[in-house]
Amino acid sequence: MSKTILAVDDSATIRQMVTFTLQAAGFDVIEAKDGQDALTKLTQPLSMVVTDLNMPTMDGIGLIKRVRADPAFKYVPIVVLTTESEPAKKQEARAAGATAWIVKPFRPEQLVSVVQKVLG
Amino acid sequence: MTATCTQPAILDPTRQCVRASRNSPDWLTALAAQWRSGQRTREERKLLLQKLQRGLSDISTSTEGLFLLVGERLMGLQVRAREIAGRTSSISDLLSNDDDSPAVLEDLLTAAQRGAQANQVEVRIREIQQNAKSIHHAIEALSPIANTFYVLGVSTRIESACFEAGATFLDLAEAVTALSRRIRAQLGNTADSAAALLETASQAAEIVRIVAQKRREDLGPLVRQTSAELVKIKDHRSRISEAAKHLAARFGAVSRAVGDVVIALQSHDIVRQQIEHVVDALRQIEKTDDSESNVLEAARLQAALLDNSRITFESSIRQIIEALAQIELNIEEVADESAHLLGMSETNEGSFFSSVKADLAAILAILESNAAADRLLSGAAGSVQRRISEISQTVADVHAIGGNMQFIALNATIQAVRLGQDGAALKIVAETIRQLAREAECTAETLESRLSAVRDASSVFREETGAGSGWDEQIAQLRERIEALTSIQDEARCDYTRTVELTAGLKRQIQETIAAFGNQNDCLEVLSGATAILRQFSADGAPADRSGMPQMAAIYTMHSERAVHRAVCGDDSQIDGFSQAAALPDPGDDNVEFF
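Going down the list, the sequences are from chains A and B. Just so we're aligned, residue 1 is where the first sequence starts under the numbering used here, counting upward by one. Just so we're aligned, residue 1001 is where the second sequence starts under the numbering used here, counting upward by one.
Bear in mind the hints are in silico, worked out from the structure with no lab data behind them.
Taking lysine to any residue pairs in the SDA-like style, the calculated list, with each CA pair at most 20 angstroms apart, reads:
| id | chain 1 | residue 1 | chain 2 | residue 2 |
| --- | --- | --- | --- | --- |
| 1 | A | Lys89 | B | Glu1593 |
| 2 | A | Lys90 | B | Ile1555 |
| 3 | B | Lys1234 | B | Arg1493 |
| 4 | A | Lys33 | B | Ser1060 |
| 5 | A | Lys33 | B | Glu1072 |
| 6 | A | Lys33 | B | Leu1066 |
| 7 | A | Lys90 | B | Phe1595 |
| 8 | A | Lys33 | B | Leu1068 |
| 9 | A | Lys89 | B | Arg1562 |
| 10 | A | Lys65 | A | Glu31 |
| 11 | A | Lys33 | B | Ser1062 |
| 12 | B | Lys1046 | B | Ser1057 |
| 13 | A | Lys90 | B | Ala1554 |
| 14 | A | Lys74 | B | Phe1595 |
| 15 | A | Lys33 | B | Gly1065 |
| 16 | A | Lys33 | B | Glu1276 |
| 17 | A | Lys65 | B | Phe1594 |
| 18 | A | Lys90 | B | Tyr1556 |
| 19 | A | Lys89 | B | Gln1551 |
Just so we're clear, the structure is a prediction, and the values are computed from it rather than from any experiment.
Excised from the complex, chain B in its bound form (with noise of 0.2 angstroms):
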């Protein structure tokens, strides 16, 4: 604003524009000098007045293609501003929205840890184990049993033959012996089924040993370390979300700054209404026949009236600077914004998200190992029901031959009662044969608690590594809420990159909109040089007539007009008033009125 009045010339007489003429167009310029060389015929002024009409059109014709692009530019700003905002809100929005996301992982994964810690698996596998080594010894215990019944029916057989009652202990040898083949025969199938029972056990052990070993070693730090991963990627989003508000509230101040420039261009309407009634009042002087000196009046006033409208057109390109500067500002804030927030979400939130995905792809690796282990133990539990059963099946039949045991025992005591001193040696083994039998069932009810105890662990068992385990529930929720975490994520560090690019480009779209605005300072110019000659124009004349004046008001259409008039055809109080009224008026409520 290098040529600029800081008030009214017609304030202040003795100050002149005189800059003007430094960066005043050539025509203007020209002008200024003709005029000062004392030549003033009527045609010379009134083809000064005719040079100074085309000049201050021209200005009004082109300044408003240059507002016009400044309102153009101003309303893709805003469009583009409210563009980022939405922008920036939607990702506070979608990530608070997923704010859920990281709990329900965190309760999913201390879910995954403790049950690991309260699995029953090993304890129930570590009771089958000792009892299917209980059912093995007892199996084992059997056998002496069934040798001494089959060597008892040998014995039996052989003594049969010095006795007259031969055929009696014939008939006891021969039961005997089929009871101790049968015995042996179930003998070693069920030793065959302890043993498979045995190495079912052993192996479930091995397996629920690894996958503890692994809960414990990898599944509990991984547990701790992405809770605490979390924990970040929680407190990132609050960042966000504080940087989202920030955001907003910079783009409230760039409303408010587009508000000042809307105020501003409109500003170039009332200069060019005003300037338009000074050239309509020039062709008036050039055309009037009045005396010179109501003319010389009259081109005081438009003088004082072009003084003003450069009041108001400097004002307005000073809030159009000052508003564009404070855009510009803004927009800065914004950007820098916006990069950091995309800088958290490519370099750190990017490196501990990587992180927490890593971490949490190998919790799943060993769930779904531990779901993997479990439908191996659940197979090893189908397995030992099924020695369970073999087993049981033996048990019964030992019980069964106890019972025939003891009713063979039963009979040979008879027998040997009714032999007298004959069947002394059938009594003999008819006691053998009772004991035997004790010993048996003995062994039987051993067999059926060890049984009992195994039948119990095995079901215990079986449910722990059933498809009720929960591991596969567990494993699709996690799943589900890992991909939930990432496509979020993903969708926010996409929007980020927009919301710089758009930034970028408003930075830009700004930018070029402040160096196209220019200064103005040429207009500035030549409004003042206009005034200036005008000034000099009516300064060498006679004393003032007013008379015409008043007529003249008839153009006016604004309260600033009407205010200069006033202060230079009126008298000095309404100076004050003209000062007023020069400044660019900020719009307050009063100038709405309803009807």
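Next up, chain A with everything else stripped away, as it sits in the complex (with noise of 0.2 angstroms):
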């Protein structure tokens, strides 16, 4: 059974290449716009979360946590794919539970290599 993957990004494009990059390396993927979106999409067991930082309604650090507050998802991997590379929103990150950093734009074999490097 293959391993499905939430990705949350307000950019469609950007939906659009990971929802392509992933499917092409055999993974399911879900999407939603944002962080609150993300949450209504916790209905099912994930293998994985990718998600940009900087979104409306709710952002990528505000989804982090409340997946790593959900007793459900607490284990879940959380990559974060962004165009933000201050080290201080790295360390926020990093607090709120994410597991790995990828900045925008990422070549698709590099996201692919990650992902499968998190889920082992």
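Assemble the dimeric complex from its two separately framed chains, guided by the hints.
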């Protein structure tokens, strides 16, 4: 059975690219347009969450905190995929419970490699 | 890319992207003209900033749809490219897995040819034929003996009347006559059997001669021709395998180019965020009560940021166009090679494969006629066996008659001695009987010897032509291999056709994508035009006041934005940093961090 990854980004283009890349690597992908939307998709087992940081309604940090607070998703790896590269932001995401950090733009094989590494 | 500046204008204040006004949308051209008119009230500035905000937001929205479309087509293209790569690889695997088919066929053909050369049937039939003739002669030789016996019997009967011991002579005459009749009766039947044996052998020899001639004249050349054609099939398959590897490399290149497009498409998100930040900043500038110099400096900063967005946008567009062109080139080559492969399959390969099939069918026909001939010969072998059995019976009878004659001759000799002078004639008769009996025995031995030779030859003949001859098995194997070869070849041909169709679809898809994407000059013009207007806007003011600049940095999420900010608001030593940040970065390993 293929693993399911939740891709969260307010940019439709980025969601499309993440989905395209991960599906081509054999993963199932669910999309959400922001943190709030992502919370409504936490209704099935997930192997991983890939989220942007700066999003309307609920940002990536807020989403990470909410996911970590949910016992069902407490240990689900969360990869932050963002244009942000400030050390302070990285520290904030790490403290919130992020597993890895990728700065956009990403190469498809790079994203797949990170996802595979995190999923072990 | 007609309306672009090769480096940020902020680094070269004398250089303005004035060409923007040539192709810019009406609203931007009007705005630029209005601004140059010199009327610069606070309200006018506010209006200008509002119009710029709307225009920039529109660009962000309108380009997103286009980028999504390209992304969508890219996905379809990738899926189709994978399907083609998979199909090409499966053709190669299919043919490689069937590599032994031509080789096995060749072995079968060689065995069929060798079997024909080594066939001993012809030799055995000749042996049977020769011995059958000898048997016929031997049986003919018995006929005078039987006649002499008969004459002897009649003569003895006549002579018996002249003697006192006539009864003894009469008994001898009757015994001799009875034996002569028995021999004559046997000879009649055996002569028929010998004639039938000779005829069967002659017919078999004719069949064998025709089969041998067919094998020599037809099978040999056909096998050689088919072997040469099978070599062509093997060569063709090896070329396909090479072509499949080449195509795989092409698809690898397509995959890399798709990766480049994926990166470039993401830059739209970067540009979108940058434009959003500029729009937010313009909104703040529009609403602020700051000093005019502060406002103008903020506008100058936004012009620099917008120019940076344009550079990123331009760079990504160039990257997309180049990558799409690269994909198109590779697909074009894939299409050519697939069409070439199909050409090989349908024309050259098709013609020599048809020829192989025709030759193999002819070989099968020959082998089948051989099998039919073998069945006839097998029947002949049975007939020979029956004749041998019949003649054997005669030989046994001749032996028995010979024994009886010797016995009669012995009795006649004893009687002759007993009769003294009167038995002199009887003695002559007894001697003649003994002589004839020896001749009959001698002929029987000859017959026995010939029969034994016929029996041996017939035994080998029966084995060679019987169920164990292997023709049926060879035919079945050959038929099976021909069917397998044909089926694999047909399957490969279907795959070629589908590959060519898919590649043609892919070609159309990529051309449509390239056409849909266009050159994006309009968007670049808008960004250049808006930058120029903002630059004009800020150029009119008093000396820069940078006191409010640090607060604006809070909105940034990107390294490039911070670099531009430092370049505009900091010292000149940061300019190089800005230049580097402006280019679209190719992600390296340092953009990943594991916590």
